[in-house]
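Participant: Those protein sequences? They're chains A and B, same order as listed.
When you line the first sequence up against the working numbering, it's residues 28 to 407, in that order.
When you line the second sequence up against the working numbering, it's residues 28 to 407, in that order.
A hint or two may mislead.
Short derived list, chain A residues pointing at chain B, Cβ under 7 Å [as the list claims (entries may be wrong)]:
no., residue
1, R48
2, R51
3, R52
4, P115
5, A168
6, Q251
7, C252
8, T289
9, G292
10, L301
11, Q348
12, C378
13, I404
Take a look, some chain B residues computed to stay more than 12 Å from chain A by CB distance [stated by the list, open to error]:
no., residue
14, A32
15, R166
16, S207
17, M383
Read the hints as simulated data drawn from the structure, not as lab findings.
Beta carbons are placed, not taken as given, at the ideal position from N, Cα and C, and that holds for glycine.
There are 2 protein chains.
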Amino acid sequence: MTTLASLETPCLILDRARLERNARRMTERHKASGLRLRPHMKTGKSIDVARIALAGNFGGITVSTLKEAEYFADHGIDDITYAVSLVPDKLPRIAALIRRGVRLGTVTDSIKVATEVSHRAVAEGVVVDVLIELDSGERRAGLIAGRPEIPALGRVLHDLPGTRLAGVLTHAGNSYQCRSLDALRQVAEEERLCAVTAAGQLRAAGLPCPVVSVGSTPTATHGQCFDGLTEMRCGVYMFGDVFQSEIGSHDMDDIAVTVLATVIGHRPELNAALIDAGGLALSKDRSTGAEGLPEDAGFGFLADASGRARIPGLRVGKVYQEHGLLESDGPFPFDLLPVGSRVRVLPNHACMTAAMYDAYRVVDGPSDQVVDLWPRINGW
Amino acid sequence: MTTLASLETPCLILDRARLERNARRMTERHKASGLRLRPHMKTGKSIDVARIALAGNFGGITVSTLKEAEYFADHGIDDITYAVSLVPDKLPRIAALIRRGVRLGTVTDSIKVATEVSHRAVAEGVVVDVLIELDSGERRAGLIAGRPEIPALGRVLHDLPGTRLAGVLTHAGNSYQCRSLDALRQVAEEERLCAVTAAGQLRAAGLPCPVVSVGSTPTATHGQCFDGLTEMRCGVYMFGDVFQSEIGSHDMDDIAVTVLATVIGHRPELNAALIDAGGLALSKDRSTGAEGLPEDAGFGFLADASGRARIPGLRVGKVYQEHGLLESDGPFPFDLLPVGSRVRVLPNHACMTAAMYDAYRVVDGPSDQVVDLWPRINGW
Numbered sequence: 028m029t030t031l032a033s034l035e036t037p038c039l040i041l042d043r044a045r046l047e048r049n050a051r052r053m054t055e056r057h058k059a060s061g062l063r064l065r066p067h068m069k070t071g072k073s074i075d076v077a078r079i080a081l082a083g084n085f086g087g088i089t090v091s092t093l094k095e096a097e098y099f100a101d102h103g104i105d106d107i108t109y110a111v112s113l114v115p116d117k118l119p120r121i122a123a124l125i126r127r128g129v130r131l132g133t134v135t136d137s138i139k140v141a142t143e144v145s146h147r148a149v150a151e152g153v154v155v156d157v158l159i160e161l162d163s164g165e166r167r168a169g170l171i172a173g174r175p176e177i178p179a180l181g182r183v184l185h186d187l188p189g190t191r192l193a194g195v196l197t198h199a200g201n202s203y204q205c206r207s208l209d210a211l212r213q214v215a216e217e218e219r220l221c222a223v224t225a226a227g228q229l230r231a232a233g234l235p236c237p238v239v240s241v242g243s244t245p246t247a248t249h250g251q252c253f254d255g256l257t258e259m260r261c262g263v264y265m266f267g268d269v270f271q272s273e274i275g276s277h278d279m280d281d282i283a284v285t286v287l288a289t290v291i292g293h294r295p296e297l298n299a300a301l302i303d304a305g306g307l308a309l310s311k312d313r314s315t316g317a318e319g320l321p322e323d324a325g326f327g328f329l330a331d332a333s334g335r336a337r338i339p340g341l342r343v344g345k346v347y348q349e350h351g352l353l354e355s356d357g358p359f360p361f362d363l364l365p366v367g368s369r370v371r372v373l374p375n376h377a378c379m380t381a382a383m384y385d386a387y388r389v390v391d392g393p394s395d396q397v398v399d400l401w402p403r404i405n406g407w
Numbered sequence: 028m029t030t031l032a033s034l035e036t037p038c039l040i041l042d043r044a045r046l047e048r049n050a051r052r053m054t055e056r057h058k059a060s061g062l063r064l065r066p067h068m069k070t071g072k073s074i075d076v077a078r079i080a081l082a083g084n085f086g087g088i089t090v091s092t093l094k095e096a097e098y099f100a101d102h103g104i105d106d107i108t109y110a111v112s113l114v115p116d117k118l119p120r121i122a123a124l125i126r127r128g129v130r131l132g133t134v135t136d137s138i139k140v141a142t143e144v145s146h147r148a149v150a151e152g153v154v155v156d157v158l159i160e161l162d163s164g165e166r167r168a169g170l171i172a173g174r175p176e177i178p179a180l181g182r183v184l185h186d187l188p189g190t191r192l193a194g195v196l197t198h199a200g201n202s203y204q205c206r207s208l209d210a211l212r213q214v215a216e217e218e219r220l221c222a223v224t225a226a227g228q229l230r231a232a233g234l235p236c237p238v239v240s241v242g243s244t245p246t247a248t249h250g251q252c253f254d255g256l257t258e259m260r261c262g263v264y265m266f267g268d269v270f271q272s273e274i275g276s277h278d279m280d281d282i283a284v285t286v287l288a289t290v291i292g293h294r295p296e297l298n299a300a301l302i303d304a305g306g307l308a309l310s311k312d313r314s315t316g317a318e319g320l321p322e323d324a325g326f327g328f329l330a331d332a333s334g335r336a337r338i339p340g341l342r343v344g345k346v347y348q349e350h351g352l353l354e355s356d357g358p359f360p361f362d363l364l365p366v367g368s369r370v371r372v373l374p375n376h377a378c379m380t381a382a383m384y385d386a387y388r389v390v391d392g393p394s395d396q397v398v399d400l401w402p403r404i405n406g407w
């Protein structure tokens, strides 16, 4: 049996017990809310992770790339929402997915795109389900609830051949900026009102709106009212990370993915040490106290090699391509971390960090045994 | 023949003509300086790129991971410096490389590591070439020139079985912080003095120091004096990027790698548009005007789909996992960039951006033809 000690570093460790606990918690929360939970697989990008996230749910997922959609379809998942703005050039791959039996939801906020997609879909001999994308405050893609563009786009999607109006969808990515429970609850309610308002506009125009979909891990976790919604999409809750922990989505000891790294140098005169996990192994998502977070995580907090105990006061303060510089609030614990010893880095942003690896080394709770290797699908 | 228009986006485009020009310029510069140029392949991570970088040079390369070393050895390169602090746990892979005939240089700044490496190397039946790593001002790994630790470590590496003292090595990564030609030249001179001083210490102690190695793209480009050095290591010059361009290592139109992306949405009320290249497609290395650079590049500047002309005043202002938000200094040029049209993103930091892809789509100068597909080696 492989042990942690025998792994080459840096590598990505996934604690299956924590993943299962995180997945179960969200599943139970939305059993109670009455929403269909459609886990977003952009974080996990693994069929093994998806199977755990789908336990107790209806079986549909969300993805952020067509490569994910194709991979999950290859593994038997047949209800997939591709939640990044559709463009006509992607129609051949979308049509191929539909033809192989995938119920594929897509999103747009543009009549021009809808019209071109209609032409291309007719040419491909398929009908594409399209949700109207809404901007509930993130200021990324989407239409603003209440505006006349929504029923106008709905009418086009409903009436044209080749497209089918499937509902509305929004993502309160602005919840990541919240620094209090009150603010999170308010953003969750704005997300809900946005989706429900737009759904009401469509229905008032005599149009169907079967799906009313919202989602982000913070709003899925802290939303108080889900009236009028049908579906919740969220992803990072499965793994957790320092950033979600700092904004209150979960506890620090819920974090299920970590990077195993080796201490490769001591710099006593800098009160610092080096590990073999840098910008490529951790990603460059930085968290700072200046953002109003409780604690500056730099490029990630540290735990011992077992992943059981965080080492307080320690963070990855700087990253280079393959080096991470560990900084300490107090005197650096050189004796605790000799050169050659190992640590775990708790990632700031699990989606970005996991994307640097092509597989998870799976452990099961506080054990040194590596019980499995789960491949990931990266790229486009 | 594949054309740019037929590629799925996002994808990584490499202009071979620019790569060859950049490589030739550095090769000629160091033919003149008399140093052996040992290109750092951590940026390119491709044998096809290495062959171009090695044209006219002695044939040795630098790498940042053992996976790179193994890959390049598989492709016939047999003189490789692994320029990240050695730890004893990596000895089995290092010994395997040496046994297959690779002249492998390694680095350390620690007597403890040297001693343990000696034991392990003897057990493996190999002798490991080790360079003493120096800190010439970056404040990452390395010993400080002039300190007694240098001859002490040199003595250990020279006397112990299983290790061979191969010389000294430093990397002026602090050159990236320079904001003027004078400052760059000063850092280059500090890098040189550091290496030459340490080499002098070893020789004064009766120890050999065949290799005196320095390197970073800015100091390789702007250094004025190379006396006492034997070797230059640099990597990003092959590709160039926005950051190197802003600090004066090359011109903006020397940038050889770009990300081809599709405009996927317009947001007139935000004076912005969206592309399908976000944090994963571009990496999250951000450049800001606040860092004293001439212009805020956000997460990258924009060029037209041909890659020939930069679109002035436009940048990737925000990134999400799969979305990039284009911001404009003036009114957004929506007519120039309709939804479905394509752009090229000039990357801030080529090493990080290229690492998000498993291959280059190769073009040859200002042509729409994709002439080759060159795989990359990522991971560890």
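Participant: Of the numbered hints stated earlier in the document, which are not met by this structure?
Facilitator: 1, 2, 3, 6, 7, 13, 14, 15, 17
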